[in-house]
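As they're listed, the protein sequences go chains A and B. Residues 0 to 476 in numbering that gives the first Met the number 0 are what the first sequence lists, from first letter to last. Residues 0 to 210 in numbering that gives the first Met the number 0 are what the second sequence lists, from first letter to last.
The hints are all genuine.
No more than 25 Å apart at the CA atoms, straight line, and that leaves these computed lysine to any residue pairs for SDA-like:
#1 A:K467 x B:Q85
#2 A:K4 x B:Q118
#3 A:K467 x B:Q57
Source of the hints: derived by calculation from the structure; they are not laboratory data. From a predicted model like this one, the values you see are computed outputs, not experimental measurements.
Given next are the chains, with one letter for each unit.
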Amino acid sequence: MSIFKRAFLYVTRKRGKTILLFAILLIMATLVLTGLSIWKASEATQLDLRQSLGGKFDVFVDWNNSPYVVKETVKEEYDEETGKASNGFIMYSTVQFTPENIAAIKGVPGVKYCSARQDNLLPFDGLSLFPGTISTDAKYQGYTKALGVCNTEDDELFTTGTLTLAEGRHITTDDTHVAIISQDLAERNELKIGDYLTAHSYSVEDQGFTGLEIRIQIIGLFTPHAVEQFGETVTTYDKIQNRVFVDLQSSKEFDGEEINYGFSALHVTIDDPQDMARVVAEVKALPGIDWKAFTVEMDNETYENAAAPLATLNELVVTLLVVIIVVSAIILALILTLWTKTRIHEIGVFLSVGIRKSAIIGQYLIEVLLIAVLAFGLSYFTSNAIAGQIGNHLLEQSMQTEPEDDNDVVAAAAVDVGADNLLQKPLPTENGIQVSVGLDNLAQLYLIGLAIVIVAVSTSSITVMRLKPREILSKMS
Amino acid sequence: MPTLELKNVSYAYEKGKAVLQNVSGSLETGKMYAILGPSGSGKTTLLSLLGGLDVPTQGSVLFDGEDIAAKGLEHHRRNHISLIFQSYNLIDYMTPVENVRLTAKLDAAPILERLGLEQDEITRNVLKLSGGQQQRVAIARALASDAPVILADEPTGNLDADTAEEITAILKESAHAFGKCVVVVTHSGEVAKQADVVLEIKRGHLKEREM
Chain A
0 MSIFKRAFLY
10 VTRKRGKTIL
20 LFAILLIMAT
30 LVLTGLSIWK
40 ASEATQLDLR
50 QSLGGKFDVF
60 VDWNNSPYVV
70 KETVKEEYDE
80 ETGKASNGFI
90 MYSTVQFTPE
100 NIAAIKGVPG
110 VKYCSARQDN
120 LLPFDGLSLF
130 PGTISTDAKY
140 QGYTKALGVC
150 NTEDDELFTT
160 GTLTLAEGRH
170 ITTDDTHVAI
180 ISQDLAERNE
190 LKIGDYLTAH
200 SYSVEDQGFT
210 GLEIRIQIIG
220 LFTPHAVEQF
230 GETVTTYDKI
240 QNRVFVDLQS
250 SKEFDGEEIN
260 YGFSALHVTI
270 DDPQDMARVV
280 AEVKALPGID
290 WKAFTVEMDN
300 ETYENAAAPL
310 ATLNELVVTL
320 LVVIIVVSAI
330 ILALILTLWT
340 KTRIHEIGVF
350 LSVGIRKSAI
360 IGQYLIEVLL
370 IAVLAFGLSY
380 FTSNAIAGQI
390 GNHLLEQSMQ
400 TEPEDDNDVV
410 AAAAVDVGAD
420 NLLQKPLPTE
430 NGIQVSVGLD
440 NLAQLYLIGL
450 AIVIVAVSTS
460 SITVMRLKPR
470 EILSKMS
Chain B
0 MPTLELKNVS
10 YAYEKGKAVL
20 QNVSGSLETG
30 KMYAILGPSG
40 SGKTTLLSLL
50 GGLDVPTQGS
60 VLFDGEDIAA
70 KGLEHHRRNH
80 ISLIFQSYNL
90 IDYMTPVENV
100 RLTAKLDAAP
110 ILERLGLEQD
120 EITRNVLKLS
130 GGQQQRVAIA
140 RALASDAPVI
150 LADEPTGNLD
160 ADTAEEITAI
170 LKESAHAFGK
180 CVVVVTHSGE
190 VAKQADVVLE
200 IKRGHLKERE
210 M
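Based on the sequences and whatever the hints tell you, model everything.
This is the structure we're talking about:
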């Protein structure tokens, strides 16, 4: 009679033991499978979170330590209201980022976006602006912010969805004398794509317009996702509808091309916050950037705050899994040891008819596996029923154990930069984690279960299998 | 050539307390042997050594002239020996026919029928059979394994006189009709009377008794 037939006969004829073992294995498998699926869901949510949030770092001129920082006194400015003249000065770096530097950084693996802006405050001829909610100096009425960029598509306002290109196209590195304005501003001024805006070059050193006229063509219109709320304070030039995006060449011409030939700061968004150190290291290793002039400020806080409960959940689940596996193996081994002792008569008979000890252990293993296959299969459904609830309960526990630091925790996919309130996207964790038991988990369970069963059966068989057939037969009689 | 041979076999459970001392002898196929002796004289020990369930502390057991330890005791038990016990030692989760098929090299059902079990009895739970029927199943298992040697330890010890007589007759038939070497350890004089050769163990020595 084959080993499989013997095992099958035992399992089908000893129904009480079979049902008990089935129940034990089902509970064990449900717990292991639940743990595995929560673990997978937690990993997937962490990945989702990383991809949603990305990582960010800023590179900017090291104003305190850079040897390239220049401080120059500029022409005295006379204040008509106070009647006093003020001494002004400007600070700038003679080493700045160029569009080529930005392109090189964008080429580093893991970098999602690299953007930079030159901010200019200036008036455009005949352009009627939306008024702000707070007043500004009379001098700056009619002024708005013109942002000089290499590429609007990579600008954070667009990448976060705060602004959307509604019409036309984005500004690219190759463009000169082009602009993107808001649809509202275009309507207010009866402007359309192809029309021109006119500005005048301004000399920072001389504190006055040079007389040079700069014409820029509107190539795109954007719509903001939201405007400031009622009661929110904002100046005319900070209003999002008044914003004008221009190419770098135009921006340089606005400044008279005297000082700012590039960018003093870069904003880099990366795909995975976990890669932050590597990406920063690779960026720092790029040729053509003089790192004596710049410093890097990494911002992983948003990700770390949002991911902390998931990391805690992960640790909790892994610990629970290890405990479940070890306890299951021990319980199973103890039960099988007790049962093996009650089967000493059978072992004696088998040995006396020449069945090998290995074949006897093999039969025991097959018996447990026959039951385990069914129990593990059924656990797919039992785990599916409870995994979601347990997973989210554990996540809640993990969130409660995190230190409360509400002021710093920004549950959002973007952070506030300057006056621009970037669009807040919901985080993957806000609605809990989506736990579902997959076939991959089931395959893992079968492997883990097989290991547990082998360990338990081997352990339980040791005592009896050490005995000589004669000793077993003596015990029988 | 003798089937089983004991060559200067000694066995001691403890040092200096030998149960068997320098025992020699041979057992042939086609004969039924009865081993007699008082309790604790070493009858079952001798049977264990012949069956490869244990190894002598001195000397050797040969099968067809070859030391049974040479190819391993498991090989000896699997291929040369069938054991029958006083308590039948059937597997409780198997039917009679399944018990016989456990080691069967021959067809189980005809052997069971020849030993007097009805068709409905051979597929019944083995524990629902009478003692005599269970011992018949044990003998059928021994015969179906087609081993040349049947070793029986008090096979009639739990049976009434009539059933014991039937079982003894079956064992004798196994030796004569099936050409087996049947070795029966017994206290029963009735069983011994049916044997072709009666051996007696006294103070660790094996002697053939004149009947």
